[in-house]
Amino acid sequence: MKLAHPGVSISKPGYLKQRMKLNPDAFLELYKYHNRNFYADSTFSTYKDHLILAADGSDINIPTTAETLKLYGSASRKNTKPQAQIGLGCIYDVMNRMILESDCNKVKFNEMRLAEKQMERIPETIGSIPYVIIMDRGYPSTPAFIHMMDKDIKFIVRLKSSDYKKRQNS
Numbered sequence: 001m002k003l004a005h006p007g008v009s010i011s012k013p014g015y016l017k018q019r020m021k022l023n024p025d026a027f028l029e030l031y032k033y034h035n036r037n038f039y040a041d042s043t044f045s046t047y048k049d050h051l052i053l054a055a056d057g058s059d060i061n062i063p064t065t066a067e068t069l070k071l072y073g074s075a076s077r078k079n080t081k082p083q084a085q086i087g088l089g090c091i092y093d094v095m096n097r098m099i100l101e102s103d104c105n106k107v108k109f110n111e112m113r114l115a116e117k118q119m120e121r122i123p124e125t126i127g128s129i130p131y132v133i134i135m136d137r138g139y140p141s142t143p144a145f146i147h148m149m150d151k152d153i154k155f156i157v158r159l160k161s162s163d164y165k166k167r168q169n170s
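By UniProt numbering, the letter at position 116 of the sequence shown is numbered 116, and the numbering carries on one by one without gaps.
In case anyone wonders, no lab produced these hints; they're calculated from the structure.
Don't be surprised by glycine CBs; every beta carbon is placed ideally from N, CA and C.
Among the hints, erroneous ones may be present.
Stated by the list, open to error - Listed next, the in silico BS3-like pairs over lysine-lysine satisfying Cα-Cα at most 27 Å (straight line):
(1) Lys151 with Lys32
(2) Lys21 with Lys106
(3) Lys17 with Lys32
(4) Lys154 with Lys165
(5) Lys70 with Lys48
(6) Lys117 with Lys70
(7) Lys106 with Lys160
(8) Lys17 with Lys108
(9) Lys117 with Lys81
(10) Lys108 with Lys81
(11) Lys154 with Lys32
(12) Lys108 with Lys160
(13) Lys154 with Lys117
Unchecked claim - DEER-style ranges, computed between Cβ atoms:
(14) Lys165 with Ser45: 27 to 33 Å
(15) Arg137 with Asn169: 32 to 38 Å
(16) Tyr15 with Ser42: 38 to 44 Å
(17) Ser102 with Gly127: 17 to 23 Å
(18) Asp59 with Leu28: 19 to 25 Å
(19) Tyr15 with Asp56: 23 to 29 Å
(20) Asp59 with Ser162: 34 to 40 Å
(21) Ile10 with Lys165: 36 to 42 Å
(22) Pro82 with Ser42: 45 to 51 Å
(23) Pro130 with Arg158: 34 to 40 Å
(24) Asn37 with His5: 41 to 47 Å
(25) Pro130 with Pro82: 40 to 46 Å
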């Protein structure tokens, strides 16, 4: 591979600034195009005719600058050096190893609210293929569960032992 500027290094903050010149819509459209074509083909894997999807969120350290701290925030404790972080939320097709939806957010974000928005967009990619979505302990939300049941979305959610304590004791 031929480098345009051999021997020239770029700092992480410099890289972040330069990548801002790229049009993110181009990447998003390529991503959607690839995923739609994949699910239009009938050779994808299912379990009992359902896609098995997993929703999860994570925090990712990024170079700490005044700009990144303003855009995304810091999860650092008070009186410590701030560390800029992005909050990432994804919905992943487990059996086909495909990311169907992903969003970058401020570091402190509501995983369930993001997953609901992402689930609204999933039919644009997979059409009417039924699916089961699996979520971890960051997702419990009675209104969201009711919404998913109303939309006939099948789901499995791992709960903390303290979730729905009153219900458990009754």
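Here's how the hints hold up against the structure:
1. Lys151 with Lys32: Given that 27 Å is the threshold and the Cα spacing comes to 23 Å, the pair holds.
2. Lys21 with Lys106: Roughly 21 Å between the alpha carbons, so the hint for Lys21 and Lys106 holds.
3. Lys17 with Lys32: holds (25 Å)
4. Lys154 with Lys165: holds (23 Å)
5. Lys70 with Lys48: Violated. Lys70 to Lys48 sits at ~46 Å, over the 27 Å cutoff.
6. Lys117 with Lys70: At roughly 24 Å apart (the allowed maximum being 27 Å), Lys70 and Lys117 satisfy the hint.
7. Lys106 with Lys160: holds (24 Å)
8. Lys17 with Lys108: holds (23 Å)
9. Lys117 with Lys81: violated (33 Å)
10. Lys108 with Lys81: Distance ~17 Å between Lys108 and Lys81 Cα, so the pair holds.
11. Lys154 with Lys32: Answer holds: Lys154 to Lys32 is near 23 Å, not above 27 Å.
12. Lys108 with Lys160: Since the Cα atoms of Lys108 and Lys160 sit roughly 20 Å apart, the hinted pair holds (cutoff 27 Å).
13. Lys154 with Lys117: holds (16 Å)
14. Lys165 with Ser45: 27 to 33 Å: 38 Å Cβ-Cβ, so the 27 to 33 Å window is violated.
15. Arg137 with Asn169: 32 to 38 Å: violated (20 Å)
16. Tyr15 with Ser42: 38 to 44 Å: Distance hint for Tyr15, Ser42 holds at roughly 41 Å.
17. Ser102 with Gly127: 17 to 23 Å: The hinted range 17 to 23 Å holds for Ser102 and Gly127, with Cβ atoms some 20 Å apart.
18. Asp59 with Leu28: 19 to 25 Å: With a Cβ separation near 22 Å, Asp59 and Leu28 satisfy 19 to 25 Å, so the hint holds.
19. Tyr15 with Asp56: 23 to 29 Å: holds (26 Å)
20. Asp59 with Ser162: 34 to 40 Å: violated (22 Å)
21. Ile10 with Lys165: 36 to 42 Å: violated (52 Å)
22. Pro82 with Ser42: 45 to 51 Å: The hinted range 45 to 51 Å holds for Pro82 and Ser42, with Cβ atoms some 49 Å apart.
23. Pro130 with Arg158: 34 to 40 Å: Since the Cβ atoms of Pro130 and Arg158 sit about 21 Å apart, the hinted range of 34 to 40 Å is violated.
24. Asn37 with His5: 41 to 47 Å: Cβ of Asn37 to Cβ of His5: about 35 Å, so the range 41 to 47 Å is violated.
25. Pro130 with Pro82: 40 to 46 Å: holds (44 Å)
In summary, the structure is inconsistent with hints 5, 9, 14, 15, 20, 21, 23 and 24 from the numbered list given earlier, while agreeing with the others.
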